[in-house]
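Protein chains: 2
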Amino acid sequence: MAERLAGKAVADAMKEELSQKVAAIKAKGITPKLGIIRVGARPDDLFYEGGAKKTCDSVGMAYQVFEYPADIDQAAFEQAVTAVGANKEINGILMFAPLPKQLDEKKIRNLIPVEKDVDCMTIGSAAKVYTDDPTGFPPCTPTACMDILKFYNIPLKGKKAVVLGRSQVVGKPVAMLLLREHATVTICHSRTDNLPAVCAEADVLIAAVGRAKMVKANYVKPGQIVIDVGINEDPANPGKYCGDVDYAEVEPIVGKITPVPGGVGSVTTVVLCKQTIQACEMQNGLA
Amino acid sequence: MAERLAGKAVADAMKEELSQKVAAIKAKGITPKLGIIRVGARPDDLFYEGGAKKTCDSVGMAYQVFEYPADIDQAAFEQAVTAVGANKEINGILMFAPLPKQLDEKKIRNLIPVEKDVDCMTIGSAAKVYTDDPTGFPPCTPTACMDILKFYNIPLKGKKAVVLGRSQVVGKPVAMLLLREHATVTICHSRTDNLPAVCAEADVLIAAVGRAKMVKANYVKPGQIVIDVGINEDPANPGKYCGDVDYAEVEPIVGKITPVPGGVGSVTTVVLCKQTIQACEMQNGLA
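Chains as they are written, first to last, in the numbering used here: chain C, 44 to 330; chain Y, 44 to 330.
Chain C with its partners taken away, still in its complex shape (with noise of 0.2 Å):
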């Protein structure tokens, strides 16, 4: 039976640690601000920005929500991207995506300035986070697999890495963030021979496939490190959702793994937390 490694945990340590660094900022007269741009209602947004408002609140930091209507044209939008980034006040942007399809979203996200570019939505963010710059921002997701492994305190220096999935949202800039901690990276998907082989020969292995519960007993060893970043539809329980990996069935072979949900998902607020943090400190001179 393996440990479960609960996101909880880190993000209870997380907003502890983050807590007191708003207390210090505030101390200087400076409030952390998240700006937060949304264009329609749709669910799945509206959920996730509960939790990060959520999670400001419990560090003290500030928010502000940018709402606009789904229809909105290009130019109009590209005008209230380009202010909120102006906006002297705000230290970190959450925009929501996918953006209707009336507007230019390559363009739009590109006008986030990089220094407060907290999810990684620009060219400039995922060029520093290809060339191990450590001002840019990676995605919230995989610096939330990260800080897991971290906590846990999960060696990687030297250790078997396995990434499955090659998105530009976790696989990856999750695999940039191994190799900086010194991992053997190997991406693999779904075009990989003998996949479950791969995934199985890993220390740690990170699925981000995106397919509910694709990971099976014979992906995974005993001992095994396993982070699962799928949140699916569970296709045996309407309305609930699921990893990418077969709990049931991995859980009983490896040695620690993160429930979904419960797991990595349970981080992101605070990552994004800690990211506007960090802008902020690197705004006003405070880093």
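Incorrect hints may appear among the rest.
If several chains are the same, the list does not tell them apart, and a pair holds so long as it fits within one copy or across any two.
Okay, derived cross-link-like pairs now, DSBU-like style, lysine-lysine, Cα gap no bigger than 35 Å in a straight line [said to hold, decoys possible]: (1) Lys144 <-> Lys200; (2) Lys149 <-> Lys193; (3) Lys97 <-> Lys71; (4) Lys97 <-> Lys51; (5) Lys131 <-> Lys150; (6) Lys150 <-> Lys200; (7) Lys76 <-> Lys149.
Rather than coming from a laboratory, the hints here were simulated on the basis of the structure.
On the provided structure of chain C, position chain Y as indicated by the hints.
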């Protein structure tokens, strides 16, 4: 005994194809032109420059060398690089690095317009390589590795590619290019546990670690494809150079191997010309 993956055959075939492309572009009244920016006159730079000029000549392209004194100051050199970047005749720019110590290299690299950055000197090009944007040029050496693999019909889809070395110039970009071809990609390095065993699992091993003859018999397996990117002074033969692979030890074991010299290095200036021609096509709406 391994098949020798000679660079010359690859270079010859590419030059043939590029000559035809250049002729077609010239028929439209345009001549692709490479701008070479050199500070001082280091022997290594002059050697590579000589090869680049020869390749330009052989495919019918133009080139122009912009040479500056080794003690040029920051302001003057910024102005010079900006001017070459703005020069409408120049389609691609090769700038030799490292620059002398009095110059802020990071700042100067990023003065090269991304659309002319045919050797990936800018953060903008790096971002495009990382995010799979085909309008960005990877550095010439990783592209040369891919061109060699393609010329010799080495299958990559689903296969295990192991990249030894994680530099921004070769290791990381070649990993990104291998992923584009749907290989399963492992990046390993000096901190990797059991490094020889990790390398020996590869179907395709890319040695880009910069240490003379580091890859020994225990790093490889029968049937393996070995691409040796290293160019090191040969400790056993002063004045000669050698690869990252101990050719004498490895060649009898593996399936196919690039020699050093005569392998990857023979293809890089052809890639430089290929990418400049592509840049010319994009700049003129011919692509």
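Broken hints, by number = none
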